[in-house]
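J.: Chains A and B, in that order, are what the protein sequence lines are.
First residue of the first sequence: 0, per our numbering; consecutive thereafter.
First residue of the second sequence: -8, per our numbering; consecutive thereafter.
Everything labelled a hint here was simulated from the structure, so no lab data went into it.
Possibly wrong hints are sitting among the right ones.
[Stated by the list, open to error] Interface residues of chain A toward chain B, partial, derived using beta-carbon atoms under 7 Å: (1) L187; (2) L441; (3) M444; (4) G455; (5) L456.
[Said to hold, decoys possible] With beta-carbon atoms standing in for the labels, derived distance ranges: (6) A:T292 / B:E307: 39 to 49 Å; (7) A:L215 / B:V150: 40 to 50 Å; (8) B:L458 / A:H454: 35 to 45 Å; (9) B:A264 / A:S23: 35 to 45 Å; (10) B:G450 / A:E55: 52 to 62 Å; (11) A:L7 / B:G450: 34 to 44 Å; (12) A:L215 / B:A264: 38 to 48 Å; (13) A:A74 / B:G450: 30 to 40 Å; (14) B:A352 / A:E55: 27 to 37 Å; (15) B:T53 / A:M0: 31 to 41 Å.
[Stated by the list, open to error] A few chain A residues that don't get close to chain B, going by computed Cβ distances all over 10 Å: (16) A36; (17) T52; (18) W80; (19) W115; (20) Y160; (21) A164; (22) V165; (23) A175; (24) I180; (25) V191; (26) A195; (27) I300; (28) Q383; (29) A474; (30) A502.
A virtual CB, placed ideally from N, CA and C, is assigned to each residue, including glycine.
The chain contents come next:
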Amino acid sequence: MILLWYILIPAVAAPVAWLAGRRSPAAARWVAVAGTAAPLALVVAQWIAEAGTLAEAFTAKGPGASGLLAGSWIADLKAPWIESLGISFFVAADGLTLIMLLLTFALGLLAVLCSWRGIAERVGVFHLMVLWTVAGLAGVFLALDLFLFYFFFEMMLIPMYFLIAVWGHERRVYSAIKFFIFTQVSGLLMLVAIVALVFIHGRATGMYTFDFTQLLGTQMAAGTAFILMLGFFAAFAVKLPAWPLHTWLPDAHTDAPTAGSVLLAGVLIKIGAYGMLRFMVPLFPDAVADFRTWALVLGVIGIIYGAVLAYAQTDMKRLVAYTSVSHMGFVLIGVFAWNELALQGVILQLVCHALSTGALFIMVGGLQDRIHTRDMGKMGGLWQVAPRMGGTAMFFAMASLGLPGLGNFVAEFLILVGVWQVSKWAAVLGAVGLVFATVYALWMMQRAFQGEETHGLKFADLTRIEVGMFASMIAALVLLGFWPQPLITTARQTVTGLQQMTAQSSLAQPPATEAGGAAGGAGETAEAAGDGGAP
Amino acid sequence: MTAGDLLTISPLIALTLAAVVVMLAAAFRRSHALALGITLGGLAATFGTLFVAAGRTERDVTPLVSMDAYTLFFIGLLTAAAAVVALLSWGYLGRLRMRPEEYYVLLLTATLGGATLVASTHFASFFLGLEILSVSLYALIVYAAYREDAVEAAVKYLVLAGATSAFLIFGMALAYAQAGTMTAAGVAKLVAGLGSGDVVVTIGIVMLLVGVGFKLAVVPFHMWTPDVYEGAPAPVTAYIATVSKGAVFALLLRFMLPVSTDQGSTVFLALTAVAIASMVAGNLLALRQDNVKRILAYSSIAHLGYLLVAFLATGERAGVAVGFYLIAYFATTLVAFGVVGVLSTADRDADQLIDYRGLGARRPVLAAVFTVALLSLAGMPLTMGFIGKFVIVTAGTGAALWAMVIVLVVTSTIGLYYYTRLIVTMYVRRSEETVPAGAAPATRAAGTAGGMLAVSVLGALTVFLLLFGVYPQPLLRLVEHAVSVLPWP
């Protein structure tokens, strides 16, 4: 039942915020705070309550100790919905779900807080849209019925579209429509793939259902599986975004209001990775194995291309947006490496990227509110004007480039180690991306914050709300950098379950040419993850 | 024919009586409210008699009509839509410089024509129903006769409907000449045997399909749609888009059901081409329009294309898709044109994009209602349009109509562009924005009783769209029951 609250609280708070906003803007803001903080507290409570179970799943070894199949959820809820089409309201949570929910509500709260001063127009409706997005995101991460998943997947596009189109910056309408259309086309391709899968399963078993756990292991021709897998891949690769489907992202992130950018970069694009982990690979493991090389190529191109383009930007927000393309390249190669190290790295990367990039977007948004430009050519020496801001920006730039001691380093390191076992080239080229990351992060700091202040800019340093937000994000990143164990423990149950699901497929077989190395690596896998990969 | 048969066809009788009573009442006492009241009463009575008819065991009355569950379902849908149109018309007609009573007579006779069409199992009742519908529509389209474009639209529709009738009659004659039958079952048999290569039969069936195609306004028979939609009064446009097309589609399904069984036949391929062309052309042509009614016209061409995909998918699942999509399309289209109607003045309909600029600030409720309708047309979740598109994709995928499903996916995304463009117009403030001069008088209708009534009807329809968009199960069951009586292969 608690799972339903995760969706209901923000969904109900949304119209309340709108009504409250008609009386006073402050009321709408507080309703929105409550609408995101309450489920956040619930997730934390559930996490603490389940910590024992999750840790047990972690220490237990051998088959059957943990798994994703029905019966091993922390909590689940299944109710009939549209019986005549075989659709049920099926939501469930495991470790990965908890992590994603934590992220959703935490960034939702941050999105509300960072709009405290920046949004002055139609405040009620704005918070309606933010809460609605959060509700949709919670639904996406909870849904296990494929129709329900698609339902939420599409549903949260609408409020996000409005957030960009109404409260956005210069080219807001163009960016909003581009975002909408990209996601919609790819989403519909996924829908066709889902429906086709349901029919294939239905013809074989006589049971037409959208229940993911039942559709697992559906037998079909390799060619069919490959095409259906591409349908899913299209949707998730656009969301992620993977090169060359990323072009909506710089526009949407740049023109979105700060809250929109935070939700987009922090949670929305994570759906791509989540969907691949949860649905695409378990449903079509063999097809994924066939596609692996291509995906690794796309991922590596994304890493390097994103980093190079980030370096070339003059608009600070666009720069941050392109870094997302680069970081999500790591996620893509990690998912397709599909060994425990890489998967743990991917999950960690999702969290750390959300925090570091979210913080950078809040930083740019704060700057824009103060000096009304994002053009780095008009900045310079800002550290002198606002030292607290400078220091904070430096921290998050370091996080973004993967400084050891911060969560992002652990995540990217785990991914690269995992990928190494599958493809040495991808790992090497991915590591090159880290060098580029250093260049763009330092370049951004250099142009905006270092040097002499020559433009006569004067503005207030970080406010108390901002200090609070940044401090909590810094603390989280440092904690994850030195002690990622809690997160790894939480995700362990899911990762093991995922690996079991695909154990019979060619995805689990080590590549022929590197059989020796990978077999050796498999033994180390559990151990290394157990050590948490802490530097 | 027995007394019991009269009970069975009581919905048709109730509609006829209602039309006569409104006409007589108008002769004795000119009162807009009275005419509307009797119309609504008559439609409610028709709806009530559906349950009487549903209780009868013998549903076939003469070879001409069959009042089976399928018919009753569609008559229910048509009467409900007609009632909504009547309610929306009240405020609109109040602003026109015309006497309003005859409008309701025509509305009722048109609905009678539609009801006859969906009940028809014979060429005679088919043709009769179609002519009753068309003739009523000529007069309805030109109701605001002092507007220039109304006359143009009515003449266009007249010419078109005449051509349609000619095609239909010739097609019927050929079918009869070859098979010696005029019943739906006989035609279905002819259609099923199309593969045998009888040229006369093929020509006959194709001519019938051309006639139906004109009425449905699918490509390449769509040319009249934008002009007629633009020229007709907004409530009448809503009526043409829903009742007229819906009734013809229901008839198409009854007469031509076996088309979908042979995916290799020429007729099937021709219909595939028509469906794809409608989806592509409808959505592409809508992109270039600045007139809201024309945008909705082209979008309706595309929606009929989507419906054809469902029609061409074999089996009961396809029938459910058609039925459900029609309900969703009816509700959505009524809301969309209802909004246009509420904003219109005596001299012109609110069909320019500029009329909608800043609507979100001026009329927040109306803007919200229009937004929901547009999102439903675009097939976004939480609305019935989403479930409708989903059942069509399901039906198409189930029948392995890959080309059509992919085209549907791609073109409906193109559709997003012009739907969101309208939404953006309503909500996004441009820097140079002031309330445009042309739009100012449109807001005046807000305070009137007719405006209030229309807005509350639109609000109720929006709730309907959202409610069954989230929980479509009851409607799906209803549609399943209705289409189960058709002779599925």
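J.: Take the hints in turn and mark each one as holding or not.
T.: Taking the hints in turn, this is what the structure says about them:
no.	hint	in the structure
1	L187	4 Å, holds
2	L441	37 Å, violated
3	M444	33 Å, violated
4	G455	26 Å, violated
5	L456	24 Å, violated
6	A:T292 / B:E307: 39 to 49 Å	44 Å, holds
7	A:L215 / B:V150: 40 to 50 Å	59 Å, violated
8	B:L458 / A:H454: 35 to 45 Å	56 Å, violated
9	B:A264 / A:S23: 35 to 45 Å	59 Å, violated
10	B:G450 / A:E55: 52 to 62 Å	53 Å, holds
11	A:L7 / B:G450: 34 to 44 Å	24 Å, violated
12	A:L215 / B:A264: 38 to 48 Å	39 Å, holds
13	A:A74 / B:G450: 30 to 40 Å	38 Å, holds
14	B:A352 / A:E55: 27 to 37 Å	57 Å, violated
15	B:T53 / A:M0: 31 to 41 Å	58 Å, violated
16	A36	25 Å, holds
17	T52	33 Å, holds
18	W80	7 Å, violated
19	W115	22 Å, holds
20	Y160	7 Å, violated
21	A164	6 Å, violated
22	V165	5 Å, violated
23	A175	8 Å, violated
24	I180	6 Å, violated
25	V191	6 Å, violated
26	A195	5 Å, violated
27	I300	26 Å, holds
28	Q383	34 Å, holds
29	A474	37 Å, holds
30	A502	30 Å, holds
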